[in-house]
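S.K.: Sequence:
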Amino acid sequence: MRDNLHFVSADEAVSHIKSHSHVHLSSVASVPHILIKALCKRADAGDIEDLHFHHFHTEGPAPYSDPAYEGIFFEQGFFVGPNVRKNVNAGYADYLPVHLGESQALYRKGVIKLGAALVNISMPNGDGMVSLGTSVDCSIAAIETAEIVIGVMNPNVPFAYGDLVSLDKFDYLVQDDSPLVTAAFAEPTPTEVLIGRNCAALVEDGDCLQMGIGALPNALAAQLGGHKNLGLHTEMFADGLLRLIKAGVINGACKGIDKGKVVSSFLLGSQDVYSFINNNPDVLMKDIKYTNDPWIISQNPHMKAINSATEVDLTGQISADSIGTRIFSGTGGQVDFVKGATMSEGGKSITAFASRTNKGISKITPVLNPGAGVVTPRADAHWIVTEYGAVDLYGRSLQERAKLLISIAHPDDREALDRAAFERFGPHYHNFSI
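If you read the sequence shown in my numbering, its first letter stands for residue 1, the second for the next number, and so on.
Taking lysine-lysine and the DSS-like style, the derived pairs with C-alpha atoms no more than 27 Å apart in a straight line are:
#, residue 1, residue 2
1, K259, K246
2, K41, K18
3, K348, K259
4, K169, K109
5, K18, K169
6, K403, K363
7, K403, K359
8, K18, K37
9, K41, K86
10, K228, K246
11, K86, K359
12, K113, K41
13, K18, K109
14, K169, K37
15, K169, K113
Read the hints as simulated data drawn from the structure, not as lab findings.
Let the hints inform the model, and build the full structure from the sequences given.
M.R.: Given below as structure tokens:
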């Protein structure tokens with residue numbers, strides 16, 4: 001261990017963080033809230049200013065984005081969750097666009113020079129190694145590069161195999177026994193069940209999967225119960241996929257690398273998910289540099305990457321991080337897995353979403369809303385799935401793409417979309433069939 005290693009209170013630990021520092025937080029279900037509260041105490045006392053926070057999306061309170069701390073804290077997350085979305089779009093906080101697979105490089109290349117890394121860690125094993133549990137993400141890189149590294153040792157953080165950290169990497173240790181944030185199983189709607197069924201038709205026995213969390217991935221997982229020998233290489237997973245793992249449907253038998261292993265980087269789900277990975281050698285929680293590397297992903301044959309979208313235009317441009325100019329989430333790992341899946345032998349990139357928003361607005365649009373971000377460019381758009389079917393845009397021209405996408409739009413929107421396509425492409429648009 002380092003000579004200056006200390007087990008201290010949260011207040012003592014954060015007292016060593018300097019004003020004007022960039023601060024990394026472990027994310028999602030495993031946010032070190034005890035340290036954030038201690039930083040708020042320093043801020044309230046006028047003892048610190050101008051801290052910039054970086055992380056994936058976080059669960060729970062996010063005072064580092066609050067207008068009350070303007071000029072003291074400034075949120076610059078790599079992904080925008082519901083707890084900071086309002087403040088990001090009001091300008092009190094900000095979003096830093098980056099593919100999640102490259103987030104770690106911002107630290108390792110010194111683009112962001114970290115003054116501190118604040119992470120939750122498990123209890124150590126006999127070799128003095130700890131796990132980052134449910135949130136490895138880019139925290140390994142943060143620990144490697146930060147001036148000060150503070151670990152919150154928490155018995156509720158599972159000891160997950162994969163990328164472990166030696167205790168001698170920490171300058172200060174804090175003890176906490178707060179439970180990790182959990183998320184209830186999201187029940188799919190009838191529309192999502194139909195989308196799940198259409199996605200499942202593109203998955204074959206022996207395929208390797210990537211998908212996220214929420215009702216739509218759960219709907220897909222529910223349709224895969226009859227499949228065999230599926231693999232899982234993903235940035236995250238939750239209860240829907242856990243059911244397939246426990247049922248033996250996902251066993252990794254056909255994976256090209258990490259055969260027999262579930263590979264992920266961060267998790268959000270029920271306590272069952274967290275307990276499952278604890279001391280489980282069949283699950284590897286890895287640095288996002290590994291899980292989201294397209295070349296690594298492509299080493300698994302028949303990779304099926306399944307992602308979502310906020311809207312798709314008639315040429316196949318996929319927006320997934322914003323609704324017009326309003327930031328909704330982030331680039332995430334979508335492009336990482338789109339590239340990896342298309343490079344994989346027999347792989348498919350799949351974008352799945354409901355044909356309409358909850359307000360009845362078509363998600364298949366003549367053009368993207370002004371200000372919307374293109375996450376996946378049209379040249380990388382392959383399979384598009386709604387509740388009305390699945391179409392493959394790969395190798396298709398713009399006019400062909402328009403016809404294909406209109407065929408899986410909501411029936412009540414197809415006439416208007418067809419008219420928009422005719423106005424865009426001219427009178428020859430209707431002179432061919434797909």
